[in-house]
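I would like the entire structure built from these sequences, with the hints used as guidance.
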Amino acid sequence: MKLPGDYIAGFVDGEGCFALKFRRDIKLNRKNTPVYFYWDIEFAIMLREDDKEILESIKETIGCGRISTSKRGSVRYSVNHVGDLIDKIVPFFELYPLHAKKLFDFELWREAVEIIKRNQRIKINAEIGKDGFQRTVYKPRDIGRLKEIHEQMKQFKGRTHEWKWLMDKHRESCDVKETMGDI
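Residue numbers are given in the UniProt record's numbering: position 14 of the sequence shown equals residue 14, and the series is strictly consecutive.
Each hint should be verified, as a subset may be incorrect.
Claimed, not checked - Label-pair restraints from in silico Cβ distances:
#1 Gly144 / Arg23: 41 to 47 Å
#2 Asn80 / Gly5: 19 to 25 Å
#3 Arg141 / Phe11: 19 to 25 Å
#4 Leu103 / Pro4: 16 to 22 Å
#5 Leu3 / Val35: 38 to 44 Å
#6 Lys101 / Asp50: 24 to 30 Å
#7 Gly83 / Leu28: 37 to 43 Å
To be verified - Derived pair list, reagent style DSSO-like, types lysine-lysine, alpha-carbon separation capped at 30 Å:
#8 Lys139 / Lys31
#9 Lys101 / Lys27
#10 Lys154 / Lys101
#11 Lys147 / Lys52
#12 Lys117 / Lys154
#13 Lys27 / Lys139
#14 Lys27 / Lys2
#15 Lys71 / Lys157
#16 Lys147 / Lys2
#17 Lys27 / Lys52
#18 Lys117 / Lys157
#19 Lys21 / Lys31
#20 Lys2 / Lys101
#21 Lys31 / Lys88
#22 Lys101 / Lys52
#23 Lys59 / Lys117
#24 Lys21 / Lys88
#25 Lys139 / Lys52
#26 Lys154 / Lys52
#27 Lys139 / Lys2
#28 Lys101 / Lys31
#29 Lys59 / Lys31
#30 Lys157 / Lys2
#31 Lys31 / Lys71
Honestly, the hints are just simulated from the structure, not real lab data.
Virtual Cβ for every residue (Gly too), placed ideally from N, Cα, C.
Have a look at this one:
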């Protein structure tokens, strides 16, 4: 059952999440265990499992995304595909605007979506002998702006946590400096 756009916007004002994450991926099954870093962007709504019908209606109305159920009794609607974020989610919330803090969160997030889209990997033409994807190389200005957006979005989040793996590296470097200071 499709829902009115204003209803969904009001629902997202209370329960929605516009996320921008800097992720680390470790490929353990590859030679030399390479580590990849990337920006991940997502729109999500998480509810109790007995509210799954609402999320199914939201998914049907918006026309993209997926619904997953956790073992802890919650259900989650999420959209991660940059094309769907640009073509469906952003226009939806421009047509049915959010209010209060969620509006400012959305405006920052929308800018991040545009930056990520602009820097997205492109398919290499297989006809000239190369196949696969080009490596994503962000312009330094875009990386700086994504970091700023990420920091600014923290004020709109209930739970914020630092990237554990970054904090561990920072602590290690501090420990090394302290140890070397004793020499």
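Verification of the supplied hints:
As the Cβ distance of Gly144 to Arg23 is approximately 18 Å, the hint placing it in 41 to 47 Å is violated. Taking 19 to 25 Å as the suggested C-beta distance range, the pair Asn80 and Gly5 conforms, at roughly 22 Å. Separated by about 36 Å at the C-beta atoms, Arg141 and Phe11 break the suggested range of 19 to 25 Å. A hinted range of 16 to 22 Å for the beta carbons of Leu103 and Pro4 is consistent with their spacing of about 19 Å.
Range check, Leu3 to Val35: Cβ separation about 42 Å, and the 38 to 44 Å hint holds. About 27 Å separates the C-beta atoms of Lys101 and Asp50, a value consistent with the hinted range of 24 to 30 Å. Take Gly83 and Leu28: their Cβ atoms lie about 30 Å apart, and the range 37 to 43 Å is violated. At most 30 Å may separate the alpha-carbon atoms for a hinted pair to count; Lys139 and Lys31 meet this at roughly 29 Å.
Distance restraint check for Lys101 and Lys27: the Cα-Cα separation of roughly 38 Å exceeds the 30 Å cut-off, and the hinted pair is therefore not satisfied. Straight-line distance between C-alpha atoms of Lys154 and Lys101 comes to about 11 Å, which keeps the hinted pair within the 30 Å bound. For the suggested pair Lys147 and Lys52, the alpha carbons sit about 34 Å apart, so the restraint of at most 30 Å is broken. Proposed proximity of Lys117 and Lys154 is supported: the alpha carbons are some 22 Å apart, at most 30 Å.
Taking the CA atoms of Lys27 and Lys139, the gap is near 25 Å; set against the 30 Å cutoff, the hint holds. A distance of roughly 41 Å separates the Cα atoms of Lys27 and Lys2; the hinted pair therefore is violated under the 30 Å criterion. For the proposed pair Lys71 and Lys157, the alpha carbon gap of about 24 Å is at most 30 Å, so the pair holds. At most 30 Å may separate the alpha-carbon atoms for a hinted pair to count; Lys147 and Lys2 exceed this at roughly 37 Å.
Only pairs whose Cα atoms come within 30 Å are accepted, and Lys27 paired with Lys52 is rejected, the gap being roughly 34 Å. Restraint check for Lys117 and Lys157: the C-alpha separation of about 23 Å stays at or below 30 Å, so the hint holds. Using a Cα cut-off of 30 Å, the hinted pair Lys21 and Lys31 holds, with the two alpha carbons roughly 27 Å apart. For the given pair, Lys2 sits about 26 Å from Lys101 by alpha-carbon distance, which is consistent with the 30 Å threshold.
Proximity of Lys31 to Lys88 is assessed by CA-CA distance (about 39 Å); at most 30 Å being required, the pair is judged violated. Restraint check for Lys101 and Lys52: satisfied, since their Cα atoms lie roughly 25 Å apart, inside the 30 Å limit. At roughly 22 Å between alpha-carbon atoms, Lys59 and Lys117 fall within 30 Å of each other, so this suggested pair holds. With a CA separation close to 20 Å, the supplied pair Lys21 and Lys88 stays within the 30 Å bound.
Of the pairs offered as hints, the one joining Lys139 and Lys52 is violated, with about 40 Å between alpha carbons and a cut-off of 30 Å exceeded. A threshold of 30 Å between alpha carbons decides the hint, and for Lys154 with Lys52 the separation of about 28 Å falls inside it, so the pair holds. Among the hinted pairs, Lys139 with Lys2 is inconsistent with the structure: their alpha-carbon atoms are about 40 Å apart, more than 30 Å. The hinted pair formed by Lys101 and Lys31 fails the criterion: a straight-line CA distance of about 46 Å is larger than 30 Å.
Taking the CA atoms of Lys59 and Lys31, the gap is near 40 Å; set against the 30 Å cutoff, the hint is violated. As the CA atoms of Lys157 and Lys2 are separated by approximately 29 Å, the hinted pair is consistent with the 30 Å bound. For the given pair, Lys31 sits about 34 Å from Lys71 by alpha-carbon distance, which is inconsistent with the 30 Å threshold.
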